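J.: Sequence:
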Amino acid sequence: MAEPRAAVRQLRREAAADDLSSLEWLRRTDDPTVKTVFFEDSAALIGLLLAFGGVGLHQLTGSAIYDGIASLLIGLLLTGVAYVLGRTNKGLLVGRQADPRTVVAIRDALAARREVDSVVYLLTMMLGTDQILVCARLDFDDTLGAADLERTCVEIDADLRARFPDLAEVSP
Numbered sequence: 001m002a003e004p005r006a007a008v009r010q011l012r013r014e015a016a017a018d019d020l021s022s023l024e025w026l027r028r029t030d031d032p033t034v035k036t037v038f039f040e041d042s043a044a045l046i047g048l049l050l051a052f053g054g055v056g057l058h059q060l061t062g063s064a065i066y067d068g069i070a071s072l073l074i075g076l077l078l079t080g081v082a083y084v085l086g087r088t089n090k091g092l093l094v095g096r097q098a099d100p101r102t103v104v105a106i107r108d109a110l111a112a113r114r115e116v117d118s119v120v121y122l123l124t125m126m127l128g129t130d131q132i133l134v135c136a137r138l139d140f141d142d143t144l145g146a147a148d149l150e151r152t153c154v155e156i157d158a159d160l161r162a163r164f165p166d167l168a169e170v171s172p
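Just so you know, the UniProt record's numbering puts 137 at position 137 of the sequence shown, and the rest follows in order with no gaps.
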């Protein structure tokens, strides 16, 4: 019984660190580790209760139908857990955009620079659970020379990395 309690404690700790409820953290997180342990432990406990209920009703009534129903419910439970975990991990395997709030904040930071006339496009991709790749096409002020452009790109890289520690690579 220590394993499920440890999973719940870890879940609550992670949620509190992000200032979210446990349910909201489970919905939003990309970290498959805690989510997988929590769902597997929960499914194991629920599965045990279903199996106990099915076998108990079979013993009380003599009808094997309850045992079969419990087995089907356990199968549905495991299918549901596999589906949820598969959806969570799909984005990590295929690649997906960073959180929309982060994308907007990066776009705003780029557009706020005086050297940038406009952000033509901004692409982000999650690399794992906590690293972001940023690629931006920027329209710079036409009066900037080559040295100014190079300095500006270095400053943009440093500014973005300071504001967003999860950035793994910045390509302005």
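If you are wondering where the hints come from, they were derived from the structure by calculation, not from laboratory data. All figures in this text were calculated on a predicted structure; none of them were measured in a lab. Think of the CB as a built atom: it goes at the ideal place given N, C-alpha and C, for glycine as much as any other residue. Among the clues, some could well be false.
As the list claims (entries may be wrong) - Listed next, with one range per pair, are the computed distances between beta-carbon atoms: (1) G128 / D108: 20 to 28 Å; (2) V104 / D130: 18 to 26 Å; (3) E155 / G75: 51 to 59 Å.
J.: Confirm or reject each hint.
T.: Results for each hint:
1. G128 / D108: 20 to 28 Å: The hinted range 20 to 28 Å holds for G128 and D108, with Cβ atoms some 25 Å apart.
2. V104 / D130: 18 to 26 Å: holds, 19 Å
3. E155 / G75: 51 to 59 Å: Once the Cβ atoms are compared, 57 Å apart, the range 51 to 59 Å for G75 and E155 holds.
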